[in-house]
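Model the full assembly from the supplied sequences, consistent with the hints where possible.
Protein chains: 2
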Amino acid sequence: MFGRLTLIGIGLIGGSIARVARRDGLAGEIVVSTRRQETLDRAAELGLGDRYTTDMAAAVEGADCVIVSVPVGASEAVAQAIGPHLKPGAIVSDVGSVKADVVRQMAPHLPAHAHFVPAHPVAGTEHSGPDAGFAELFHNRWCILTPPPGTDPAAVEHLAAFWRATGSKVETMTPEHHDMVLAITSHIPHLIAYNIVGTAAHLEQVTASEVIKFSAGGFRDFTRIAASDPTMWRDVFLHNKEAVIEMLGRFIEDLFALQRAVRFSDGDALFELFTKTRAIRRGIIDVGQDTAAPDFGRASAGGPAEILAKG
Amino acid sequence: MFGRLTLIGIGLIGGSIARVARRDGLAGEIVVSTRRQETLDRAAELGLGDRYTTDMAAAVEGADCVIVSVPVGASEAVAQAIGPHLKPGAIVSDVGSVKADVVRQMAPHLPAHAHFVPAHPVAGTEHSGPDAGFAELFHNRWCILTPPPGTDPAAVEHLAAFWRATGSKVETMTPEHHDMVLAITSHIPHLIAYNIVGTAAHLEQVTASEVIKFSAGGFRDFTRIAASDPTMWRDVFLHNKEAVIEMLGRFIEDLFALQRAVRFSDGDALFELFTKTRAIRRGIIDVGQDTAAPDFGRASAGGPAEILAKG
Ligand SMILES: NC(=O)c1ccc[n+]([C@@H]2O[C@H](COP(=O)([O-])OP(=O)(O)OC[C@H]3O[C@@H](n4cnc5c(N)ncnc54)[C@H](OP(=O)(O)O)[C@@H]3O)[C@@H](O)[C@H]2O)c1
Ligand SMILES: NC(=O)c1ccc[n+]([C@@H]2O[C@H](COP(=O)([O-])OP(=O)(O)OC[C@H]3O[C@@H](n4cnc5c(N)ncnc54)[C@H](OP(=O)(O)O)[C@@H]3O)[C@@H](O)[C@H]2O)c1
Numbered sequence: 001m002f003g004r005l006t007l008i009g010i011g012l013i014g015g016s017i018a019r020v021a022r023r024d025g026l027a028g029e030i031v032v033s034t035r036r037q038e039t040l041d042r043a044a045e046l047g048l049g050d051r052y053t054t055d056m057a058a059a060v061e062g063a064d065c066v067i068v069s070v071p072v073g074a075s076e077a078v079a080q081a082i083g084p085h086l087k088p089g090a091i092v093s094d095v096g097s098v099k100a101d102v103v104r105q106m107a108p109h110l111p112a113h114a115h116f117v118p119a120h121p122v123a124g125t126e127h128s129g130p131d132a133g134f135a136e137l138f139h140n141r142w143c144i145l146t147p148p149p150g151t152d153p154a155a156v157e158h159l160a161a162f163w164r165a166t167g168s169k170v171e172t173m174t175p176e177h178h179d180m181v182l183a184i185t186s187h188i189p190h191l192i193a194y195n196i197v198g199t200a201a202h203l204e205q206v207t208a209s210e211v212i213k214f215s216a217g218g219f220r221d222f223t224r225i226a227a228s229d230p231t232m233w234r235d236v237f238l239h240n241k242e243a244v245i246e247m248l249g250r251f252i253e254d255l256f257a258l259q260r261a262v263r264f265s266d267g268d269a270l271f272e273l274f275t276k277t278r279a280i281r282r283g284i285i286d287v288g289q290d291t292a293a294p295d296f297g298r299a300s301a302g303g304p305a306e307i308l309a310k311g
Numbered sequence: 001m002f003g004r005l006t007l008i009g010i011g012l013i014g015g016s017i018a019r020v021a022r023r024d025g026l027a028g029e030i031v032v033s034t035r036r037q038e039t040l041d042r043a044a045e046l047g048l049g050d051r052y053t054t055d056m057a058a059a060v061e062g063a064d065c066v067i068v069s070v071p072v073g074a075s076e077a078v079a080q081a082i083g084p085h086l087k088p089g090a091i092v093s094d095v096g097s098v099k100a101d102v103v104r105q106m107a108p109h110l111p112a113h114a115h116f117v118p119a120h121p122v123a124g125t126e127h128s129g130p131d132a133g134f135a136e137l138f139h140n141r142w143c144i145l146t147p148p149p150g151t152d153p154a155a156v157e158h159l160a161a162f163w164r165a166t167g168s169k170v171e172t173m174t175p176e177h178h179d180m181v182l183a184i185t186s187h188i189p190h191l192i193a194y195n196i197v198g199t200a201a202h203l204e205q206v207t208a209s210e211v212i213k214f215s216a217g218g219f220r221d222f223t224r225i226a227a228s229d230p231t232m233w234r235d236v237f238l239h240n241k242e243a244v245i246e247m248l249g250r251f252i253e254d255l256f257a258l259q260r261a262v263r264f265s266d267g268d269a270l271f272e273l274f275t276k277t278r279a280i281r282r283g284i285i286d287v288g289q290d291t292a293a294p295d296f297g298r299a300s301a302g303g304p305a306e307i308l309a310k311g
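Top to bottom, those sequences are chains A and B. Residue numbers for the first sequence, in full-length UniProt numbering: 1 to 311. Residue numbers for the second sequence, in full-length UniProt numbering: 1 to 311.
No lab work stands behind these hints: they were computed from the structure. It should be emphasised that the depicted structure is a prediction, and the values quoted were computed from it without experimental measurement. Every residue gets a Cβ at the ideal spot worked out from N, C-alpha and C, and that includes glycine. Do not rely on the hints blindly, as some may be mistaken.
[Claimed, not checked] Here chain B is said to cover these stretches of chain A; the calculated rule only asks that three of the stretch's residues, wherever they fall, bring their Cβ under 8 Å from a Cβ of chain B:
| # | segment |
| --- | --- |
| 1 | 114-127 |
| 2 | 179-185 |
| 3 | 206-216 |
| 4 | 270-281 |
[Said to hold, decoys possible] To list a few chain A residues with every Cβ distance to chain B over 10 Å, as calculated:
| # | residue |
| --- | --- |
| 5 | 25 |
| 6 | 40 |
| 7 | 61 |
| 8 | 100 |
| 9 | 175 |
| 10 | 223 |
[Said to hold, decoys possible] Now the stretches of chain B that chain A is said to cover, found in silico as 3 or more residues with beta-carbon under 8 Å:
| # | segment |
| --- | --- |
| 11 | 206-214 |
| 12 | 273-280 |
As structure tokens, then:
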């Protein structure tokens with residue numbers, strides 16, 4: 001698929017790309033680069049690449065494809081470091097959860113002779129670091145490409161083929177539309193999960209120990225989401241501010257209507273909303289983005305935990 | 001544990017009590033009663049009891065313990081129907097997710113010669129009906145008892161022993177405190193899950209099909225919660241209005257502070273909140289109310305789905 005693939009950043013996402021590329025022979029050679037020596041050493045122990053260096057400029061020399069998998073706030077510095085060292089025809093991509101701002105950060109620093117094809121694999125877990133990655137992460141998930149107008153179609157297709165080879169389905173849209181879609185499907189869910197866990201931690205009437213003990217009633221699921229990496233998520237909210245604030249406005253408006261229905265005991269309004277939301281759930285199960293099995297906090301042997309342990 | 005156990009309502013909770021009582025011999029005889037003949041027939045097919053009747057009054061005759069597992073809004077009618085037929089010394093309990101209001105509904109209709117010990121097993125899934133129940137549901141979960149002042153301690157201990165025999169841990173508190181604890185750990189999480197799924201379904205900028213396709217970014221988990229039974233949840237909000245509105249006020253206040261941090265790019269405030277919330281998550285894993293395994297929508301064979309299939 002690619003002769004030399006360079007991965008900048010080797011956490012959950014970079015580490016998962018490395019594993020699937022290795023397992024399925026998607027690259028002749030995998031070069032791994034990351035900021036800290038400690039993380040690089042761990043990647044080497046896990047055998048994620050063929051060569052390892054903290055020198056990003058050296059890492060991209062001769063690469064056919066470079067995929068940057070770092071928190072979105074670090075995108076510009078990485079682009080600056082690697083831009084001058086990209087070979088003609090190299091494809092440069094990223095995996096950031098935000099797209100318009102990442103394009104603004106990276107594009108100015110990339111040479112005209114490289115092809116910039118921003119991407120976002122819509123797949124993840126609440127864990128991070130090189131140990132958290134696994135080859136199956138992208139299987140049956142969507143990867144969204146947001147190539148700027150005028151990008152070489154062959155380069156876009158080349159990267160799309162790579163993502164399809166990881167098991168992903170590929171869709172193309174504008175960075176702005178991506179940011180709006182992800183604001184509602186990912187960023188706002190994380191924001192409200194972080195928020196309710198924060199609220200619960202600071203109540204006078206209910207102790208933190210009670211919140212923990214009785215979390216099986218629903219709260220528990222929010223804490224899993226709210227255990228996601230603070231750096232990654234800080235950067236998402238700082239760099240997708242407009243779309244997040246717009247969608248949050250909608251959420252709050254609807255929440256006030258719901259609060260009013262509770263206050264005035266409008267059982268019909270509650271019942272109608274609670275019935276409608278089931279259709280969306282069915283849609284998600286029908287397209288295979290979740291299973292109908294109930295999750296009640298007891299992952300069994302053979303599940304994702306095992307996959308993780310196998311690395 | 002009990003000579004004759006009568007279950008009024010045989011859905012997820014009643015059906016799970018029936019299965020664990022049968023499996024572990026917690027009752028000499030299990031009498032099953034429910035509103036609709038159709039549900040009763042299904043319970044009989046599943047072999048959940050020893051006798052079956054839609055006549056609730058007849059069902060409770062001679063029962064040592066009666067457990068009512070119906071939507072909380074139906075509690076008063078059930079208490080009215082069964083009250084005159086309870087034998088002296090019978091223990092009457094329920095499993096409602098709301099306690100103060102259920103006590104208000106049921107207590108006036110129960111005879112002085114019966115012992116009323118309200119209960120709430122804090123365990124569940126998003127599924128409902130007799131097929132959804134399983135014997136392991138209560139294992140390692142908390143069951144909260146809220147006996148009115150003056151209740152016979154022996155009756156409370158008898159019911160507590162029954163719940164411990166199902167695998168539950170038992171705690172006692174006032175109905176009012178229960179309702180506050182559950183508002184934050186269960187009712188508000190459900191309310192905001194229903195709300196965001198509703199918001200997502202009505203956007204102009206993002207289609208429902210996009211919401212479904214790209215749900216793996218976090219939204220998916222909310223849809224699971226928002227697929228819970230509409231009748232049960234309508235009743236919870238109608239009957240725990242005060243505590244829900246109080247906790248929702250706190251949630252909204254905190255959400256506005258968070259919105260402000262996003263608007264003014266206060267990365268430190270975001271990072272601080274996102275770091276703190278991890279401590280609560282660790283607490284939940286430490287006490288065994290969830291596992292650290294990442295959930296990414298791929299329940300594997302041998303997991304809860306299998307348990308369910310086995311009934
Ligand atoms: N997690 C998800 O669910 C998910 C899903 C889709 C997309 N994404 C996107 O994928 C990207 C990476 O996320 P991840 O989950 O893989 O994160 P991760 O597991 O925390 O790994 C982050 C990687 O980026 C490096 N890094 C961190 N800060 C850096 C900086 N200031 N400059 C240079 N490198 C830095 C880290 O290097 P050192 O360890 O060497 O410091 C590490 O290799 C993010 O842009 C995120 O938005 C995440
Ligand atoms: N689901 C959870 O996660 C969970 C957890 C803890 C506690 N609870 C509480 O447990 C109780 C039952 O919930 P569930 O999940 O077991 O519900 P479910 O699966 O929907 O079963 C409800 C049962 O109640 C009966 N019922 C419904 N409406 C009734 C009415 N108006 N009058 C008399 N009977 C009626 C149904 O009878 P027919 O089918 O014959 O109509 C059925 O047997 C609720 O109070 C809920 O708050 C639920």
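So, going through the hints one by one against the coordinates:
1. 114-127: Holds, because 6 residues of the segment 114-127 of chain A bring their Cβ atoms closer than 8 Å to Cβ atoms of chain B.
2. 179-185: Since three or more residues must qualify, the claim that chain B covers the segment 179-185 of chain A holds, with 5 doing so at under 8 Å.
3. 206-216: holds (count 10)
4. 270-281: holds (count 11)
5. 25: The claim stands: residue 25 (chain A) keeps its Cβ more than 10 Å from every Cβ of chain B (closest is about 24 Å).
6. 40: It holds; residue 40 (chain A) is separated from chain B by about 24 Å at its closest Cβ, greater than 10 Å.
7. 61: About 33 Å separates residue 61 (chain A) from the closest Cβ of chain B, which puts it past 10 Å; holds.
8. 100: holds (14 Å)
9. 175: Fine: 14 Å to the nearest Cβ keeps residue 175 (chain A) off the interface.
10. 223: Since the minimum Cβ distance to chain B is about 4 Å, residue 223 (chain A) lies within 10 Å and the statement is violated.
11. 206-214: holds (count 8)
12. 273-280: holds (count 8)
Hint compliance for this structure: hint 10 alone is broken.
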